[in-house]
Amino acid sequence: MAISTVVLQAEMAAATPMSYWRTVGWRLARDPTTLVAAGVLALIVLSALLAPWLAPYDPAAGSIRLRLASVGSPEHVLGTDEQGRDMLSRLLWGGRMTLVAGLTPVLVAFVLGSGLGVLAGYLGGLTNTLIMRTMDIFYAFPAVLLAIAVSGALGPGLANTVIALSIVFVPRVVRVAESATVQVQGLEYIAAARASGAGVAAIVRHHLLANVLGPILVFSSTQVSLSIILAAGLSFLGLGVTPPAAEWGLMLNTLRQSIYVNALVPALPGLAIFVTSMAFNLLSDGLRDAMDIRG
Amino acid sequence: MTPPLLEVQGLRKHFPLRGGVLQRTQAWVRAVDGVSFAVAPGETLGVVGESGCGKSTLARLLLRLIEPDAGLVKFRGEDVLAASPARMKRLRRDMQLVFQDPYASLNPRLTIEDTVAFSLRVHGTPRGEAAERARALLGRVGLDPRLHGRRYAHELSGGQRQRVNIARALVLDPKLLVLDEPVSALDKSVQAQVLNLLQGLKAERALTYVFISHDLNVIEYVSDRVLVMYLGEVVETGTAEALAQSPKHPYTQALFASAPSMDPEHRMERLPIAGDPPNPIDPPSGCRFRTRCSFAMARCAEAPPQPVPVSPTQAVACYLYDAEPASVA
Amino acid sequence: MWVYVGRRLLLAIPTLLGASIIVFAMVHLAPGDPIAAVMPAESSKAEIEATKRAYGFDKPLAVQYLVWLGRVATGDLGRSIATRRPVILDVRDALANSLVLALSSSLLAFVLGVGLGLLAAFRQGRVLDKVASGMAVVGVSVPHYWAGIILIIVFSVQLNWLPAMGAANDPGIVPYLRHIALPTIALALIPLGVITRVVRSAALDILNQEFVLALRAKGLAARRVFTHVVKNSAPQILTVLGLQFGFQLGGSVLVESVFSWPGTGYLLNLAIFQRDIPVLQGVILVLATFFVLLNLAVDLLQTLVDPRIVRH
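Protein chains in written order, with my numbering: chain A, 1 to 295; chain B, 1001 to 1329; chain C, 2001 to 2312.
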């Protein structure tokens, strides 16, 4: 036993020390759940990207004759919708819409929210109060309500959906970013950098950001699944993407009345949303665990 | 006589305490209240006092990491507090700080080589040269750069991290080093190593130290002269020997008496100080130590005593030694 | 502590004002003339102008805002453009229905969520934990409107056990319960997932504290440890509960539209479709106000439960 620990320690001493992000990646890769989730997600994203080539039919083309064919029909593997359009094709093309509508707002929120939050945290004082109180006002609305309010005001369409959801998520990211910045700022290595003569820009770039982006990234990743559900939800209400475009939420809406005729086909778009959302959640859970490195 | 490297006069810093519904300032924490001293080139000035006496605030004020409310700080005759941002950046090369907490003072995302090199990069040294100088200095403080250079802070022990801190402070070739409790967080055996390293470096590079600590043994070991602080004020100054052999201020006496000793002749029999350290928010009037002083007189409550030299090597701020009548303000 | 209460109340006021500005502004962000959307296309210009003046649309924005704010403060939310009824009456009825749904859904989510969360924490790493955590992830990931549709498919269409639409037409508690059952389950799924995860995490934090480990090692009865864990995780559980209740009240739009439940969500949906501005404003404002007051109540309740918590 003693010999193996000595060997182990020698090996550890000789091993190249890994940077923080390399360690995170290494830990992510060892968790089976995360790997499966990442795989599923890759599949979904890939199929959405390659929709033009993968889809067997034109998603907008259909004849009423063929409406609501069941899953497993010879011509249409996943059946047809209420207007006779092929479900598989619409699901593939719809994935593009839903993913864009769901991911873009979180990306926007990540960039904008980090910027505003770090600014508020670093500068403190009046700037902080101004920014944080403004965010508080938006925080006063439950997410769905705010999304509907803004969407309702701006009107339907993909761009407006993205704007509406961005407005929902930016305040949340700002809160996390500000809190993380304030916490890091109090640490002594920031004071040490100042004592060396570094200016604000250098400190933010080299010391602050690297240590603050981690928690912000984890938080943002947890918001993706909600964003996708809300984006599809807006279309479901008629506020998001408009027909005849294919989008999972919209498909769910138009197929809703058909549940009395054919139960399985209407369930498919929602299933797609569910699987995508779950994959993102599992991935973000894995990310959070991987980044929780003590010491 | 050589002019002092560092001169401090009447340094003051009060922190506001906000409270109440509208968060108005309700009281002030008088962290540093009128501190004056001078440090000659090449000497080590020890600053000793209990927690809360304002030592750490003083350290940050000296380097202008916090702006003082009042007072003067002169480095080599130049007014530090009036320096422009550009001039301040240049001055920072000459005055550096070694921090207390070895764990929080290093950026966990940078290798220690990069941490040390960062200071140089800030002042324009090109990347390659900065890395080389960083590595050389790491070697000098006892960390083999080939083994440790690419390591991250969390892979080092407390003692090793403090060495990195020292390297980081020295890489800019400063003249003055302020050390804020540099060994307080380390084990005793490691303390000795780091202290010896500091002594060696000081001799090699002709440095001047302001060494802050609450540990009297450490202070005695490293200091040429000592400054005793209590609740934001200087109560006594003198050479290390003078203070150790005949401390004059009742607080200094208590400090030295309460230092645990292995010598059975020097064991304590009775508690030298009574009571709890009072609050820097509402310090006692007059002499701040009077509420715990066994020799307190009526005079002590009226006005704070001014420092009075009691020998060529010692000065005390205490009415026990002040022959002047109270009317001299 | 009362200082904290005072400060929180004071902070709530600008938040509410800000929210009211957003609600007011949102209408005027909307493309198109709101009046023209409602009046028949052949209306003469004079008729349109007259209606405009009646609704006060011709005055400058700031004045319109203040007038509107004044009226809102007295409870006058205007009249619906579509039905001409006072908005406040419709909103009041709808709110009542939504509150019932949100409450029943919260109850379900709370009871199951806390139960599952504690179960997972106390059986950490074992099968029960994995099952409970798995259920939680599913809950958090499921689109509740889709879940509603699935529930309808299974319980109404296939099994014919429970009704699919609306509130009960027949009086009596049983029909009411039958109608509210499915929407309750659908709305409870996401909060169930969130609560389970938060409770599990909070309980684990406490269980893993060293002194608890020491107590357990000394053989402290499981019951006592349990009570201790529950008491100490109460503040966090309270917060998440409050937030989820707000989510269910505001977010019930989607579920209500699936089940045609006559709540605020349903009203909102209708108002959007008909571009009925006063109703839209009224519903959103009332819900937002409710949410702000709810958050306030949760914050204050927290300080009562644990005086150590005084957040800035």
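If you're looking for bench data, these hints aren't it; they were derived computationally from the structure. Each hint should be verified, as a subset may be incorrect.
Quick partial rundown of chain A residues pointing at chain B, CB under 10 Å, derived from the structure [said to hold, decoys possible]: (1) 20; (2) 60; (3) 186; (4) 188; (5) 189; (6) 194; (7) 238; (8) 242; (9) 243; (10) 244; (11) 245.
According to the in silico footprint, chain C covers these stretches of chain A (three or more CB under 8 Å from chain C) [stated by the list, open to error]: (12) 43-53; (13) 73-79; (14) 226-237; (15) 256-270; (16) 280-292.
None of the values given here were measured: they were computed from a predicted structure. Even for Gly, the Cβ is constructed at its ideal location relative to N, Cα and C.
These are the hints, each one checked on the structure:
1. 20: This hint holds: residue 20 of chain A lies near chain B, its Cβ roughly 6 Å from the closest one there, short of 10 Å.
2. 60: 50 Å, violated
3. 186: 9 Å, holds
4. 188: 4 Å, holds
5. 189: Interface hint status for residue 189 of chain A: holds (5 Å vs cutoff 10 Å).
6. 194: Given a least distance of 6 Å, the restraint on residue 194 of chain A holds.
7. 238: Nearest chain B Cβ about 46 Å off; hint violated.
8. 242: It is violated, given that the least Cβ distance between residue 242 of chain A and chain B is near 46 Å, above 10 Å.
9. 243: At 49 Å from the nearest chain B Cβ, residue 243 of chain A fails the 10 Å test, so the hint is violated.
10. 244: The hint is violated - residue 244 of chain A has no Cβ within 10 Å of chain B, the shortest such distance being about 50 Å.
11. 245: 44 Å, violated
12. 43-53: Contact hint for the region 43-53 of chain A vs chain C: violated, 0 residues under 8 Å.
13. 73-79: Contact hint for the region 73-79 of chain A vs chain C: violated, 0 residues under 8 Å.
14. 226-237: It holds: at least three residues are needed, and the region 226-237 of chain A offers 5 whose Cβ sits within less than 8 Å of chain C.
15. 256-270: holds (count 8)
16. 280-292: holds (count 4)
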